[in-house]
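Asker: Residue numbers (the numbering used here), protein chains in the order written: chain A, 1 to 258; chain B, 1001 to 1231.
Keep in mind that the hints were calculated from the coordinates and are not lab data.
You may find that some hints are simply not true.
[Said to hold, decoys possible] Heads up, simulated DSBU-like pairs for lysine-lysine below, C-alpha to C-alpha not over 35 Å straight-line:
1) 1019/B / 1129/B
2) 1211/B / 31/A
3) 4/A / 1117/B
4) 195/A / 1090/B
5) 1090/B / 1129/B
Given next are the chains, with one letter for each unit.
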Amino acid sequence: MNIKKIMHVENLTHFYGNQIGCKGINFDLYKGEILGIVGESGSGKSTLLKCLSGEISPSAGKINISLDQGGVKDFLSLPEQEKRQLMRSMWGIVHQNPRDGLNLRISAGGNIAERLLNVSEKNYSHLRNTGKYWMEKTEMDSDRIDEFPIGFSGGMQQRLQISKILSSNPQIVFMDEPTGGLDVSVQAKILDTIKSIVRDINVTMIIVTHDLAVVRFLTDKLLVMKDGIVVETGLTDRVLDDPQHSYTQLLTSSILQV
Amino acid sequence: MKIIELKNVNKKFILHNQKGTVLNVLKNINLEIKTGECIALVGKSGIGKSTFLKMLYGNYLPSSGEINIYNNNKINIVNSLEHQIINLRKYFIGYVSQFLRVLPRVPTIEIVSDTLKQQSLFDEHSLIKIKKLLSELNIQESMWNLSPLTFSGGEQQRVNLAKTLIGNYSILLLDEPTASLDDMNKSIVIDMIKSKLKKNVTIIVIVHDNKIRNEICTREINLEKYIPNDN
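Chain A with its partners taken away, still in its complex shape (with noise of 0.2 Å):
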């Protein structure tokens, strides 16, 4: 069995000033992978996360990547406006903050064609389906398609989110604490909808959180990042189970007995 390296990163460092954000990181991504990157606020989870995406330039290193067409790219040294094309339609970014990545005064469907429209879907009708089955997808209600997101939950808008950016079909998808803000009661069933979604489709995705059941269930492998550096990295329950490195035994010996 061969699956394919989707991404290869290399030395990547980025310095804010003399400040190091992240520093000689080193991975490879295989297709179908998920991959979480834990460490504590300022640990250089995010800054990684953004320099990988694409939303920020890394002070050095190197990201190849390798999508299902055109070949190994030098993705770093793309021309300005081939990354954007390629951030648009190939990569999917999921914030946070729904609001982030929502615009909350078109409605629901209108999110989602929005982003279809970047890969050159026209046909109204189809945007039309598209949007509901990806709504129906992630447990919304699809007769809501025509509302605006600034009347839903938030569980409600992080689910149209992950419709919008699932819906486009991307390569990659960058997620940033994608349960962060949300209740208790309402993650597991997103963690549900987000695990079931990936069985499905076989996406790529790269996972930013400080939760570490978060990882152990939705990741496949992980990166322990510590002062910018990673530390750790391995299989999600080999490093959570049977952590080597002396802060990684403190971080999972650190969670609260519920």
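Chain A is already provided as a structure; the job is to place chain B on it using the hints.
Answerer: This is chain B only, laid out in the frame that chain A set:
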């Protein structure tokens, strides 16, 4: 034909935040397990039976040595890539832990279905098969659409077993599968294990009950001989 091979496997735990305490658990394990064997892991409590099982599943990392799994080709799970181990777990090695661990609010029947979906074996006959298995394990129909997190210990253990036994695995790792079951449910589970053995599934099991061990196991591996001398 050998299906599992351990070469010079050592396992120690270093507790960095507890004064760097080093726990040497298992040392110099060299052994082979053949297809279709049913191995009982024995040794006193705390000796490392669960640790042994977890190393075979890739859940614990040996401090040194190789653990080779023979699928179509040889895979050393100690140094394989994550997706290779995940693939092995999806189709080849099933593991039943002592305690059920599932997402809250997901119904029992979906938890069991999930195994078949992961193995791409879920079809129109699957639900009948799943319901039959749950009934055989004495999980009442009224509970199928409930999350197992509120079930009793014995019921949770049976859901945990159903979740793995429904799958089509070549190796099963069972950590005290009958520990919290009454006699009737014990014998049901034993029969299920026997029927897996008839299908030439390789089983490694931790079980304290001598009677059960004699009934299903073809060989014992006593972990006493792998205790490091310096302990």
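Asker: Evaluate each hint against the coordinates.
Answerer: These are the hints, each one checked on the structure:
no.: 1; hint: 1019/B / 1129/B; in the structure: violated, 52 Å
no.: 2; hint: 1211/B / 31/A; in the structure: violated, 47 Å
no.: 3; hint: 4/A / 1117/B; in the structure: holds, 22 Å
no.: 4; hint: 195/A / 1090/B; in the structure: holds, 15 Å
no.: 5; hint: 1090/B / 1129/B; in the structure: holds, 19 Å
Consistency note: the structure conflicts with the earlier hints numbered 1, 2.
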